[in-house]
Amino acid sequence: MRRMLLRSLFPLVLPALAVACAPEAEPTDVLLVPSRITYPSVGGALEYRCATLDCHGKPERNLRLYGSSGMRLAAEDVPGDGETTDAEHDASYRSVIGLEPEVLSLVCAEGGNEPERLSLIRKARGEEAHKGGARIVRGDDADRCLISWLAAATDEAACARAAEDQSE
Amino acid sequence: MSTLTQKPASRRSVPRWSSAVQFAGVFLGIAGMGCTNPLQEGAIADLGPESPAIPLGPLHRPGQPCLVCHDGAEATELTVAGTIYERADATKPIPDVLVHLVDARGTAYVTATNCAGNFFVRPGDFTPEYPMRVAIERDGFRQEMESPVNVDGSCASCHTNDPSPRSAGRVYLLSVAATLEDRCP
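Protein sequences, first through last, are from chains A and B. Each residue of the first sequence is one higher than the one before, counting from 1 in the working numbering. Each residue of the second sequence is one higher than the one before, counting from 1 in the working numbering.
Don't read these hints as lab results, they were simulated from the structure. Please note: incorrect hints may appear among the correct ones.
Away from chain B, derived, C-beta distances all over 10 Å, residues of chain A [said to hold, decoys possible]:
no., residue
1, D29
2, V33
3, I37
4, E102
5, V103
6, L118
7, S119
8, I121
9, E127
10, D140
11, A151
12, A152
13, A157
14, A160
Rough simulated footprint, nothing fancy, chain A against chain B, three-plus residues with beta-carbon under 8 Å [as the list claims (entries may be wrong)]:
no., region
15, 148 to 155
16, 163 to 169
Heads up, the beta-carbon is just placed ideally off N, CA and C, and yes, glycines get one too.
The following block holds chain A by itself, in its conformation from the complex (with noise of 0.2 Å):
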């Protein structure tokens, strides 16, 4: 009877599976990522924030910020001389928009709705567990011009403020 039985469902649960494990829908291969050309605007925000030698200017840390105070991207080049350089904004760049691709994507589709799903806003708003603590307050410069980087409208007066404050 149990055999009979088997047998007559073993049609079904083939597809049953196979639809169980299809994916729903083809992944995009398309991620879409903030401009680097006002990256450095943004990183000139970021520099004392995230970007020194203790913090995310060291080589261990998975957000690994370059600056002309921190860390150095060129072996001949110190922590405290010279500007930042091209290549330096590049590396940081690459660093921000490889921590979470795929939710910095879904962020940039929404034109920067809700941007806390990221840990980059969550940890600097200190909302999440960070050893450096709250580096922005929610709608000061600094927060303003990351969010707004984000939105893809970069406001290059709140982050050209946001670098001087953080200089005094």
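With chain A's structure known, arrange chain B on it following the hints.
Frame of chain A; chain B shown alone:
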């Protein structure tokens, strides 16, 4: 015909406290193993041995990252500590340098270097809320650190002896030709 009768072995009477002590021993042993920090142990080993010429104390290990050991477990807890040299390219330490620390709350604290160029701050005196700004001065010469300290109170974690892409080099006071009075034996 004889039969051998065997008395059932009586259970050894073991006091209850004995098994409790054994359990506590095993627990403490496991907990002890779990509490070791291989990263810290490695960092301490990397510092090398003490100099036989300098006793343990405020003058020892100049130029090393103090808080690797001074965490309250390995050695007396310190919150900020480091060594200040006369020049970037010289190993001569300078005493009596005032070290000005201002934390995120705006709380200011001042301490000074000793004859090894070392300074240190105990938590009861000042525990900074980061970021913390640092400036040093003596005899009219002053240096201000460009970037803030964000998490690490050991100067030498970032200021290693040799400048590199990861280090600005030693903390030093003089960047111009000048001579400071030698106040140490």
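Non-interface claim for A160 (chain A): all C-beta distances to chain B beyond 10 Å?
Given a closest Cβ separation of 18 Å, the condition holds.
Interface-negative label, A151 (chain A) against chain B, beta-carbon threshold 10 Å:
Given a closest Cβ separation of 27 Å, the condition holds.
Hey, is D140 (chain A) genuinely clear of chain B, shortest beta carbon separation above 10 Å?
holds (14 Å)
Non-interface claim for I37 (chain A), where every Cβ of chain B lies beyond 10 Å
holds (25 Å)
Non-interface claim for V103 (chain A), where every Cβ of chain B lies beyond 10 Å:
At roughly 25 Å from the nearest Cβ of chain B, V103 (chain A) sits farther out than 10 Å, so the non-interface label holds.
Do at least three Cβ atoms from the region 148 to 155 of chain B come closer than 8 Å to Cβ atoms of chain A?
Coverage by chain A holds for the region 148 to 155 of chain B (5 residues, Cβ < 8 Å).
Was E102 (chain A) rightly flagged as not at the interface, with every chain B Cβ beyond 10 Å?
The assertion about E102 (chain A) holds, with a minimum of 29 Å to chain B.
Take a quick look at L118 (chain A) and tell me if its Cβ sits farther than 10 Å from every Cβ on chain B, holds or violated.
holds (20 Å)
Do at least three Cβ atoms from the region 163 to 169 of chain B come closer than 8 Å to Cβ atoms of chain A?
Holds, because 7 residues of the region 163 to 169 of chain B bring their Cβ atoms closer than 8 Å to Cβ atoms of chain A.
Status of the stated non-contact between I121 (chain A) and chain B (beta carbon gap over 10 Å):
It holds; I121 (chain A) is separated from chain B by about 18 Å at its closest Cβ, greater than 10 Å.
Would you say V33 (chain A) is clear of chain B, with no C-beta pair closer than or equal to 10 Å?
holds (26 Å)
Can we confirm that no CB of chain B comes within 10 Å of the CB of E127 (chain A)?
holds (18 Å)
Going through the hint list in order, the structure satisfies each hint without exception.
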